[in-house]
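Undergrad: Given next are the chains, with one letter for each unit.
2 protein chains.
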Amino acid sequence: MRATAIAQPNIALIKYWGKRDCDLNLPAVGSLSVTLGSIGTRTTVEFDATLNADRVYINEQEADSANRRVENCLDRFREKAGIAHKAIVTTANDFPTGAGLASSASGFAALVVAADRALELNLGADELVDLARISSGSAPRSLFGGFVLLENDSGGGTRCSSVLAPETWPWSIMIAVTSDAPKKVSSTDGMESSRTTSPYFSRWVETHDADLQAAVANIEKRDFEKLGELAERSCLKMHAVAMTSSPPLLYWSGATLECAQNIRELRKSGVSTFFSIDAGPQLKAFCLPENSEMVRESLESVPGVLRVISSKLGEGARIVE
Amino acid sequence: MRATAIAQPNIALIKYWGKRDCDLNLPAVGSLSVTLGSIGTRTTVEFDATLNADRVYINEQEADSANRRVENCLDRFREKAGIAHKAIVTTANDFPTGAGLASSASGFAALVVAADRALELNLGADELVDLARISSGSAPRSLFGGFVLLENDSGGGTRCSSVLAPETWPWSIMIAVTSDAPKKVSSTDGMESSRTTSPYFSRWVETHDADLQAAVANIEKRDFEKLGELAERSCLKMHAVAMTSSPPLLYWSGATLECAQNIRELRKSGVSTFFSIDAGPQLKAFCLPENSEMVRESLESVPGVLRVISSKLGEGARIVE
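Going down the list, the sequences are from chains P and E. The numbering of the first sequence is the working numbering, which starts it at 1 and goes up by one. The numbering of the second sequence is the working numbering, which starts it at 1 and goes up by one.
In isolation and in its complexed conformation, chain P is listed as follows (with noise of 0.2 Å):
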């Protein structure tokens, strides 16, 4: 009743930002995004019939806060396989914290899927995508790998699957960091936020579905510049209700703008690359790998950039042990 996982962080290219239903955690609008290789989270989830609660280790330390999210998700497993055991989580990122990367997505998708064999359910991939974004809406976006389409289905709730695998189309992602600081509004509360305040809010939603499917054609058609430009339009998009929720969220610092300016003149002089940008202060810049080098040292080179993690595209959540 032991398995181990691992799943790796996603970036969404079209982005995800409100709520249509929070208990169920059901997203207002899909999303389109690419899971990294190189970094990952690792987890391994033993029920045992001898504990008398669950316990939850995250990178070596107990965890208090998360556990409460990591019970509700071994619960409906607990459920479904009929029994009552207790668990013993141990999960642990090779990624540094404050990197703005969703450990909660890759944490959560590599979750369901040690639960899932180590309880030798063997539920579908439907179900398993339900179980990942009931604990964290963008989870299930790193149960696969390359590039990934998260949509609300018509039966009230979400399908996804990868549109490309990672190794049809190298990408090389570049993260700078421009702080390890904690966001103040974590990105559940800025959500509903923007949702009940946000005066653009309902037009982020109206128009959002035009720019996924324009995204996922223009995957298929390998076309770097067009998607770059949907990508961006989409950040913008996203962080323009952000800013004009109740109060403003404004997750940029000064470095981040500086960054995206940077990709932009890069772009100007003929560098294929764009940038994306989510709840906190990091920029991720994406570009093929033959031009990593000129984005890093652009990003490197502006005040404030702590440091920058490059990744490549990676693999979905997989059995390990």
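Since the hints were made in silico from the structure, they are not lab data. Keep in mind it's a predicted model, so treat the numbers as computed, not measured. Be aware that a few hints might be false.
Below, simulated EDC-like cross-link-like pairs (lysine to aspartate or glutamate); rule was C-alpha separation at most 16 Å, straight line [what the hints assert, rightly or not]:
1) K312/E / E290/E
2) K268/E / E225/E
3) K80/P / E62/P
4) K19/P / D209/P
5) K184/P / E265/E
6) K184/E / E265/P
Position chain E against the provided structure of chain P, taking the given hints into account.
TA: Frame of chain P, contents of chain E only:
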């Protein structure tokens, strides 16, 4: 047939962005501004039957590019006066260019007041407002002093008036100059791009009047905090529309954003202050006079701030000779 007028720049608290009629230069939304004291534009107009062309001197240099807008404005006065005399226009700003202050606003306000006097037309305020507006959308606001409201009227024009005189509620205004480079996209071009391409433009227009009316009410109540909240919100709503235009209009530099974050931090620490940003990288901070040194020091501490220009509130355009 000669007169000299002075007018002063203004800064919008509730922003104007987007036109509903480009030929008549009618704004899509009303706006609320403060007219600055301390710095201004001085313009002399002299109509002369012996001239065979209008001549325009700006800061002691003969102007070519601004000429056409000035000629069009003079044509409207010539039509009203029933004369064909050409004119010499001499105008000088005593504030630095590149300060992110719309010199077209104070320039055209001074021009219409001087031209009216030179031709002894004695036009009413409403006519001067329409003549100023057709040349520069924010110029009518510099015709008036203190806190100024500009609104579309039901007759297809605009009306403009002072809500509160400058001496009634003294303020300090600090302009953090972060770049002397001319902006890459003019306000006129940026507005038109936003109107035609931003998915949020319709909501900007629909939700604008509530901000405007609330701001006027809070000026009448002298509620600095609430007015500041509305002003920052309007500024961010405008920039959210700009940055979601195609191509995106990102008028801020890293230093602009760091200044904004500093002002937010100062406010959290109990200092009454708020910011606004126009279509360029300068940041304008507003406070009551007792806090002006603290606000100035905070802005000057931001790397990338070249200088801070301070001002108080000022009067409307007026004849001086």
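Undergrad: Now tell me if each hint is right for this structure.
TA: Here's how the hints hold up against the structure:
| no. | hint | result |
| --- | --- | --- |
| 1 | K312/E / E290/E | holds (12 Å) |
| 2 | K268/E / E225/E | holds (12 Å) |
| 3 | K80/P / E62/P | violated (26 Å) |
| 4 | K19/P / D209/P | holds (15 Å) |
| 5 | K184/P / E265/E | holds (13 Å) |
| 6 | K184/E / E265/P | holds (13 Å) |
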